[in-house]
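Sequences and hints are given; from them, build the entire structure.
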Amino acid sequence: MATMEKVPMLAEGYERLTADLKVLRAERPKIVDAIEEARAHGDLSENAEYHAAKERQGQVEAQIAELEDKVSRAQIIDPATLSGDKIIFGATVTLLDEEDKPVRYQIVGQTEADANKGRISYNSPIARALIGKQVGDEVEVTVPSGDRFYLVEKIEFI
Numbered sequence: 001m002a003t004m005e006k007v008p009m010l011a012e013g014y015e016r017l018t019a020d021l022k023v024l025r026a027e028r029p030k031i032v033d034a035i036e037e038a039r040a041h042g043d044l045s046e047n048a049e050y051h052a053a054k055e056r057q058g059q060v061e062a063q064i065a066e067l068e069d070k071v072s073r074a075q076i077i078d079p080a081t082l083s084g085d086k087i088i089f090g091a092t093v094t095l096l097d098e099e100d101k102p103v104r105y106q107i108v109g110q111t112e113a114d115a116n117k118g119r120i121s122y123n124s125p126i127a128r129a130l131i132g133k134q135v136g137d138e139v140e141v142t143v144p145s146g147d148r149f150y151l152v153e154k155i156e157f158i
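Residue numbers (this note's numbering): 1 to 158.
Hints may be right or wrong, so weigh each one.
Said to hold, decoys possible - Computed beta-carbon distance windows for the label pairs: (1) 154 <-> 29: 26 to 36 Å; (2) 57 <-> 136: 49 to 59 Å; (3) 75 <-> 114: 16 to 26 Å.
Unchecked claim - Pairs of lysine-lysine, DSS-like flavour, derived with a Cα cap of 27 Å: (4) 86 <-> 101; (5) 117 <-> 70; (6) 22 <-> 117.
Think of the hints as simulated: they come from the structure by calculation, not from any bench.
Keep in mind the model is a prediction, meaning the values are calculated, not measured.
Note that beta-carbon positions come from the ideal geometry of N, C-alpha and C, so glycine has one too.
What follows is the structure, encoded as structure tokens:
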């Protein structure tokens, strides 16, 4: 049984989850129709359409269950309402890497993480190393490519 632990996320992540859930729920009747149509073709043991539709039904139901679970446990956090001098969930952090090049990350929920957009999950190695740090702190992060060192330059809640 899954734990009833809250799932922190930003409002836009919550909206995306609920939109995905709506799309999957709308697909349910179409899958049922496909199963009925395939069933009408006769022998189910060699009916590829029937098996494909049943497999898709299983996938959709599993995705719906997972999304419903996340939505029900969602804890929506608005970074604009946060403040402080420590890095926490929702913070946008500017770091200086070993070559003094600025790197910027926002700490977000797992479903919203997108490293290409500078959004990292709160349970990623970098975010775990950053949480609780303040401006001026040095941070060492062990990542698959080796150890990285950063200096916390700025913390924003935007």
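Consistency of the hints with the structure:
1. 154 <-> 29: 26 to 36 Å: 50 Å, violated
2. 57 <-> 136: 49 to 59 Å: Since the Cβ atoms of residue 57 and residue 136 sit about 55 Å apart, the hinted range of 49 to 59 Å holds.
3. 75 <-> 114: 16 to 26 Å: 20 Å, holds
4. 86 <-> 101: 21 Å, holds
5. 117 <-> 70: With Cα atoms ~23 Å apart, residue 117 and residue 70 stay inside 27 Å; holds.
6. 22 <-> 117: 25 Å, holds
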